[in-house]
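Protein chains in written order, with numbering that gives the first Met the number 0: chain D, 0 to 293; chain E, 0 to 333.
There may be inaccurate statements among the hints.
Taking beta-carbon pairs under 8 Å as the criterion, some of the chain E residues facing chain D (in silico) [claimed, not checked]:
1) Q7
2) V10
3) L15
4) S270
5) A273
6) Q289
Over 10 Å on every C-beta distance to chain D, these chain E residues come out as not near it, computed from the model [what the hints assert, rightly or not]:
7) R82
8) L180
9) V318
Keep in mind that the hints were calculated from the coordinates and are not lab data.
Every residue, glycine too, gets a C-beta built ideally from N, C-alpha and C.
Listed below, chain by chain, are the residues.
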Amino acid sequence: MSLAHVEVLQPQVSTGPAVALWRRVRASRSGMAGLMIVGGFVLVAVFAPLLAPYDPLAGDLTDIRPGRVPGPSAEHPLGLDEQGRDELSRVIYGARHSLVVGVGSVAIGMMLGVVLGALAAGFGGWVDAVLMRLVDVLLAVPALFLAIAVAAAIGPGLLPATIAIGVTSAPLVARLLRSTMAAQLESGYVAAATATGVPRPRIVVHHVLPNSVGPVIVAATLGMGLAILEAAGLSFLGLVGDPSSPEWGRMLAATQRSLQTSPQLALFPGLAIVVVVVGFNLLGEALRQALDPR
Amino acid sequence: MAARRLLQLAVVLVGLSLLLFVWVRALPGDPAEALLAPADQRTAETRESARRAFGLDRPLVRQYADYVVRLARFDLGDSFTSRQPVTTELRRRFPATVELAGAALVLAIAGGVPLGFVAARRRSRWPDHLSLGASLLAVSIPSFLLAFLLKYLFSVELGWLPSTGRLDAARDVPHPTGFYLLDALLDLDGAAFLDALRHLVLPAVALAAAPLAFVARITRAAMLDVAGEDYVRTAHAKGLAAVDVDRGHVLRNALLPLTSVTGLLAGALLSGAALVEIVFAWGGLGSMLQQAIVARDYPALQGGLFLVALVFVVVNLAVDLSAPALDPRVREAR
């Protein structure tokens with residue numbers, strides 16, 4: 000009889016929020032499409048050396064004439080660029096740059112933003128006021144110029160661009176987390192915990208913070224897309240790396256002169272950016288709906 | 000609340016001036032180096048005299064105090080590169096950027112609100128899906144790529160619209176305000192107005208696409224929120240036509256959250272304009288700031304960024320302060 004009890008109770012054993020979240024994301028068709036795009040993008044970036052048919056930096060100028068590059072062929076499915084480099088290999092390697100900048104900057108932005116937001120919400124009072132005014136100041140400076148300035152300060156390269164984009168995303172994360180945590184601090188379980196004598200720092204770190212990460216996870220996913228867009232903008236301005244490095248934004252900038260004769264050179268890196276950012280946006284939207292079903 | 004907000008504004012502006020001052024000086028490289036004659040003609044003395052001429056030899060606190068005092072008088076100093084007052088340069092460039100960003104804002108709202116309205120009315124039907132798909136694409140495409148595509152299609156291939164600049168080079172009109180559309184109107188010059196408008200179309204569309212999608216999504220979400228309210232049911236119950244309820248009751252109330260994001264949108268447009276300006280050789284703040292960073296032109300950089308940030312802060316303040324005028328509920332809550 001007791002065995003029967005256990006069997007009846009078993010389905011009610013909590014599976015944890017992560018599993019529930021995964022079930023809801025899996026139920027969303029667009030969310031799964033986003034996940035597949037993002038997964039494919041990560042795989043391409045990680046296995047770029049195995050996937051790319053040629054060296055993305057080595058060019059063969061024998062077939063290159065001014066203003067005209069060979070289009071797609073059997074050996075080079077996406078054709079050659081102006082330096083005689085294999086376009087497909089460069090687009091594949093470009094995924095690496097985007098992934099590094101995206102993951103790095105989102106990690107930096109999340110760390111800074113979560114610390115700022117949690118301190119502001121946790122302490123309240125003048126700490127909150129000071130930190131939020133700091134956030135206001137940072138928000139008032141256009142992100143792109145802040146990023147340009149950081150990149151100009153440390154010198155052009157992948158790392159400065161990553162830091163710049165990360166720093167500029169921090170104030171929004173801070174504000175988001177603070178408002179979520181402030182709402183949580185008003186809720187019943189906090190009052191209950193306070194009443195039973197749990198110290199406030201413990202309530203904030205162990206109860207309120209974990210309950211407030213949902214919107215931050217959504218922001219991180221959407222932030223990956225934004226970071227890739229911003230990185231493309233910076234590299235379009237020539238602020239990310241050396242001119243030969245295969246970055247999607249830089250590849251687009253390089254085609255400005257040859258747009259009429261070989262538009263395919265602008266098409267593929269552009270398409271790569273759009274598809275990957277669409278993937279992150281679909282996934283982020285599905286996560287948002289899964290966390291806040293309305 | 001107004002007094003409190005003004006005090007906050009003052010704090011933010013002081014913080015901003017300090018931030019810009021420190022950060023601009025934290026950029027490596029010395030303006031005296033960047034502007035001096037070729038490297039082989041530089042000596043310790045010429046470098047020193049250049050630093051003295053720019054006032055860079057004085058203590059940082061003095062430099063900041065000077066900067067703030069002059070800032071209060073709208074004197075942004077002289078550009079290191081052009082030797083002209085920064086305000087002169089800004090007066091020429093700022094209207095260009097504002098004209099572009101303003102046109103994009105108008106497009107974003109005029110296009111986004113009807114799109115969101117239709118999507119909410121036809122929820123989960125094809126207009127909604129179409130609007131969602133288009134919005135997704137619009138926020139996922141870099142503005143400069145869209146600018147590229149538009150330029151390629153409409154000026155290079157079809158030749159319908161000009162590809163660069165704000166006016167035909169041959170055209171000469173007086174620019175009392177710097178807003179070319181306004182200048183042409185003041186001059187009663189219809190041809191110049193059309194010309195300026197034709198130059199404005201492509202950059203404005205490229206810049207407006209992502210904000211338009213954003214406005215459409217906000218409008219749709221806000222309308223669906225409002226649609227569940229009791230007064231909407233009442234309006235339906237008393238027999239009003241569905242479209243009248245949606246327009247007069249649902250949309251009207253849904254537009255309130257939209258006003259609060261308009262401030263953020265204005266900031267995004269001002270800074271987002273930079274990349275689009277470069278593609279279309281628009282001659283606005285974007286290219287000025289980019290050049291100022293390269294040349295380590297501290298006054299131009301500080302002045303330009305301060306102006307952009309100031310506009311952003313003031314627009315947001317205006318939005319916050321207008322909320323009670325637009326929404327009686329906000330008035331009562333205070």
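So, against the hints stated earlier in the document, which numbers end up violated here? none
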